[in-house]
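Chains as they are written, first to last, in my numbering: chain A, 1 to 406; chain B, 407 to 633.
Derived by calculation from the structure, the hints in this document are not laboratory data.
Glycine included, C-beta positions come from ideal geometry on N, C-alpha and C.
One or more of the hints may lead you astray.
Stated by the list, open to error - Using 27 Å as the maximum straight-line C-alpha spacing, the simulated DSSO-like pairs for lysine-lysine come out as follows:
#1 A/396 with B/494
#2 A/197 with A/169
#3 B/494 with A/234
To be verified - With beta-carbon atoms standing in for the labels, derived distance ranges:
#4 A/296 with B/526: 24 to 32 Å
#5 B/534 with A/296: 42 to 50 Å
#6 A/364 with B/546: 36 to 44 Å
#7 B/534 with A/308: 28 to 36 Å
#8 B/546 with A/3: 34 to 42 Å
#9 A/12 with B/451: 34 to 42 Å
#10 B/428 with A/296: 35 to 43 Å
#11 B/616 with A/405: 49 to 57 Å
#12 A/292 with B/546: 22 to 30 Å
#13 B/426 with A/339: 45 to 53 Å
#14 A/398 with B/592: 29 to 37 Å
#15 A/11 with B/543: 25 to 33 Å
To be verified - Not the full set, but computed from the structure, chain A residues with beta-carbon under 10 Å of chain B:
#16 2
#17 5
#18 6
#19 8
#20 285
#21 319
#22 392
#23 395
#24 404
If you want the building blocks of each chain, they are given just below.
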Amino acid sequence: MRNADLLQYAARVVRGGVVRTALVLLAMGIGVAAVVLVSALGEGARRYVAEQFGALGTNLVIVLPGRSETAGAGPAIASGETTRDITLDDALALQRSLAVRRLAPLIVGLGAVRAADGADARVREGPVLGSTADFLAVRNMTLAQGVFLPAGDPHHAQPICVIGRDLAKELFGARNALGLWLRIGDRRFRVIGVLGKQGTSLGFNTDEVVIVPVAAAQALFNTEGLFRVLVEAKHRDQVPQAKADAEAILMQRHEGERDVTVITQDAVLATFDRILGTLTLAIGGLAAISLAVAGILVMNVMLISVAQRRSEIGLLKALGATAAEIRHIFFSEAVLLALGGAAAGVAVGLLGQQALIAAFPNIPFSAPWWALVAAPLTAVVTAVVFTVMPARQAAKLDPVQALSKR
Amino acid sequence: MPPPLIHLSAITRRFTVGDETVQALRGLDLSIAQGEYIAIMGPSGSGKSTLLNVLGLLDQPDSGHYLLDGRDVTGLDDDARALARREKIGFVFQSFHLVPRLSARENIELPMVLAGIDPAERTARVEVLLRDYGLTPRADHRPNQLSGGQCQRVAIARAMAMRPSLILADEPTGNLDRHTGQDVIALLEGLQAAGATLIIVTHDPELGRRAHRQLHMVDGEIVQDGR
Ligand SMILES: Nc1ncnc2c1ncn2[C@@H]1O[C@H](COP(=O)(O)OP(=O)(O)OP(=O)(O)O)[C@@H](O)[C@H]1O
Ligand SMILES: [Mg+2]
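Between the sequences and the hints, there should be enough to build the whole structure, so can you do that?
In structure tokens:
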């Protein structure tokens, strides 16, 4: 039997049995759609995290106090000893490394912020960052209005600040915030700039922050120690060098003790990537199990088909069809059904993905290519595997018995 | 004398149902020459269909030997018997056995599709068959849109598609009225006149008399072989 004829014969059967065809298409379609959709979810989450980290800055090396055995796990409180602070001078010393383009020391605290002119007495508890002029460039942030913290001696605590867009609106309403004063605790700061829209980054809404000179933050929170030092390497290739240099410089300044942790953005990102990639694969695999369930349905539908078409099978044998040809007829049917179901499933899955994107525009949902290949392939393989038994049963039928109406 | 088309020697066929054994064929010896017209008659259960199935390679005897066209086909495996059926044998059944989803044209084409014959060649042969059997106006009708007589004509056209040398018909008129039945028999006799070997199982003595040779079976044996 020619392949084209085989397919045509199978297509006639598939078109003939509307109910059983619809049933198999549904089961296969649901399985394939589940794989596509679930993997689109996982991949969307992975890309979302990657983008969030990307928004943090480029070629970043982050220095934090305390020694952590495993890089990327955050500051460790491994030993009971109190860790030694990273001072502002420690941070500025890192500039010595040739691999470093610029750096920004960072202090983070919560402050009670309110407008200083008393027009609105409401107090807002919000994040207050202390940093230097380079912070804007290191974090890839933009200014909407005014200027950022001026370059100059970082030890000098000028009473000036740059605030996020949303905070500006909340504090001063429609008024132009530039030149106005606000209070953090009992200190007054003059607004010299307003940040452009940045959105959230790692759960930190930069539209609501106040950024003050690092020395002012030290005074405000009564601390010498920095929360982080953000170091930007000159080039992607220089990131490891910058990391090594930072470790060496701080060890030297801390009397030979390695009491800081230096992590690179890439390492953190790779960890997240690995976790979310594995997760996507795992749930994708779970969805594939629904395809196996569809396979069992295919087997039952095929078994019924064999029983219903006994006399047709007997006739084909009388007309000279070999056992292999009978099997091929059933396999062709299974493949056609699986391909139809897979096509429907991919279409539904992608439509669902569009719906997700419409509902959550921030998250880049996108079914990965492997899911778009693996799901239909799994559907076809499943259909063929589960048709082996019914096809064999058909091929083994005794023609005399099959033709008789007994 | 040329070797016979069919030569059976000591063919037996037993069926076991529960712990009872039925002897459907009890050591048959039979020779049939190319081009003969034979009617097999006998009471119900005498083994007529069983004999026809053995002759058509649909069933295998428990013992004895079957030479078809001079070749011993007794021990052939399933696939070899399928190929021999495809090339040499055309079946006509009492209940037609047309594929219900396929049109008259497609039912006739089916054996050639199975044999992998080129589509252009197939179409040409089907058109000739449709014309010869007066089915051209019904070519695109499905079996449930055809009368019994038309169905049987489609079945005969299908049996002839591969130009077999042996035509086996098991009560081909059993589901037809007398008049239509005679048309169908005339058709089959035409094929025999054109050179094919025709073997018909029938309960109708009148039809049986039209054959050139009558085999009477009783209880698994040929009790009378007359011309
Ligand atoms: N598959 C089978 N299993 C068990 N017994 C069978 C089988 N096929 C035939 N027989 C028995 O073999 C005997 C011969 O059957 P067969 O069908 O050849 O008779 P027949 O002459 O064609 O009868 P009818 O005129 O009714 O068609 C019968 O006794 C029948 O019951
Ligand atoms: Mg019979």
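Which of the stated hints cannot be reconciled with the structure, identified by number in ascending sequence?
3, 4, 6, 8, 11, 12, 20 and 22
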